[in-house]
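Colleague: Protein sequence lines correspond, in order, to chains A and B.
Start counting the first sequence at 1; every next residue gets the next number (full-length UniProt numbering).
Start counting the second sequence at 1; every next residue gets the next number (full-length UniProt numbering).
Derived by calculation from the structure, the hints in this document are not laboratory data.
Keep in mind that a hint or two might mislead.
The calculated lysine-lysine pairs, modelled on DSS-like cross-linking and capped at a C-alpha distance of 27 Å, are [said to hold, decoys possible]:
hint: 1; chain 1: B; residue 1: 100; chain 2: B; residue 2: 37
hint: 2; chain 1: A; residue 1: 162; chain 2: B; residue 2: 2
hint: 3; chain 1: B; residue 1: 100; chain 2: B; residue 2: 5
hint: 4; chain 1: A; residue 1: 162; chain 2: A; residue 2: 24
hint: 5; chain 1: B; residue 1: 101; chain 2: A; residue 2: 162
hint: 6; chain 1: B; residue 1: 86; chain 2: B; residue 2: 2
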Amino acid sequence: MTTNTYIHGIGMTKFGTHVDRTLKELLLDASRQALEDAGRPKVDAVFVGNFLAGSMSNQEILGAIVANDLGLGFVPTAKVEGACASGGIALRQAVLAVMSGEHDTVLVAGVEKMKHAKTAEVTQAINAAMDTDSSEKSAGLTFPGFFGVLANRYFHETGASKKHLAMVALKNRENAMNNSLAQFTKETSLDEIMNARMITDPLGLFDCSPMTDGAAALVISRKPSGIHIKASSLVSGPTQMQDAADLLSIPAIGESGRHAYEKAGLGPEDIDVVEIHDCFSMTEMIAIEELGFFPRLEGWKAVEKGLTKASGEKPVNTSGGLLSRGHPIGATGLAQIYQLVRQLRGDAANQVEGARIALAQNLGGTGSYSAVHILERV
Amino acid sequence: MKKLKVYFCCGHETVVKRVYCPTCGTDGISEREVEDKGRIYSFTKIHVPPSEFAHLAPYYVALVQLDGTNAKVTARMTEDIAIGDKVELFNVEDGAYVYKKA
């Protein structure tokens, strides 16, 4: 079933390094932008997507802070955690709250502040999104490491190579160069990407999403607007690599996609523009297969032909994606929606001519969560 | 010869223990011991570790396809490895399966 829930306002800070701005300032900035964009409606509830504020900024109660500092009154609020899918899950909770009839208008915000910490500390904190009571965590597997293991097997079973991953990273950088809110807008080349410092073989620096400060927010309502949330889906999946039935499949992505297509009465062929969770270049390759845009184990061929470029037949990550727009974890799922709303309004960076149907896929953990939202211009 | 435990129900065999089988929903998951030997299914060499493993870097994390079962196990290794290499369990250190080339 469709949601009969509509997007009225969007807001987003620049993604990157905000040494002079606190977590709260970023969160309130994006929220205020979304409320102004929506025409300052009365807000009945707030959901905040966040992953690391407790461990890295010693800050919780984000929902209450938003309600209090924006002067929203005694409204219900909650923080939603689902690792890197926190933003997408927060949006889904807001949609369900409207669908239930409990609330008319809900503010959804996502935020993360990571750049003040050292890489090893952030890598450690992010590992909380693995099953830490497992031999796999004890072995020293990391998030990037999981996708490195996946990439080496993908190379082994297909004709793909590191060059195809570099093509994904280059495409997303080229898109980010036109996005003034993106973290990385400097020109690069296949050569520079291929020869960059190794993080976890075969993934180099450009194959991995960065640490980012930033926030994004949306206002949704049962009152109609020009952007309808046609479907909202969420599934959980395997939490350990050694438990995967097929290493080259991330079933949470495929299942969440199938649920969303079914609810929307649409298929992958109907989607005009896509934001997917490219936490690593390899993840984008798997996701374009899982979401049915290209056959299994053939995503690399689509990338080679340029089909996922902004000018291609299935434009993926016109914002620059996590790789170059940036990945402030709790904000990412909402930044995807921000870009897609701009696409449907017709004023996006890397505008896709006449875009009417858009899909966002937000991943948490190594496939532990996947949220999909399908938007329609009405 | 060291042994590893695997859990089996409805055609899926795994080293991860579950309460109920996700396919049939029962708690009739059976377990058996398998040999610790296998082949490298895939791997990565981790150059940027989390702080608690910083002293080990760079190190390999491998997914080992165990012999005589569909189950795979995640292992840490220090030697240079390639897909298909024969490996066996060397030690269990702080909950981690440490493998060596066979």
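Colleague: If a hint holds in the structure, say so; if it does not, say that too.
Modeller: Quick rundown of the hints versus the structure:
1. A C-alpha spacing of about 10 Å is found between residue 100(B) and residue 37(B), which places the hinted pair at or below 27 Å, so the restraint holds.
2. A distance of roughly 37 Å separates the Cα atoms of residue 162(A) and residue 2(B); the hinted pair therefore is violated under the 27 Å criterion.
3. Of the pairs offered as hints, the one joining residue 100(B) and residue 5(B) holds, with about 19 Å between alpha carbons and a cut-off of 27 Å not exceeded.
4. Proximity of residue 162(A) to residue 24(A) is assessed by CA-CA distance (about 39 Å); at most 27 Å being required, the pair is judged violated.
5. With a C-alpha separation of about 26 Å, the suggested pair residue 101(B) and residue 162(A) falls inside the 27 Å cut-off, and the hint holds.
6. At roughly 15 Å between alpha-carbon atoms, residue 86(B) and residue 2(B) fall within 27 Å of each other, so this suggested pair holds.
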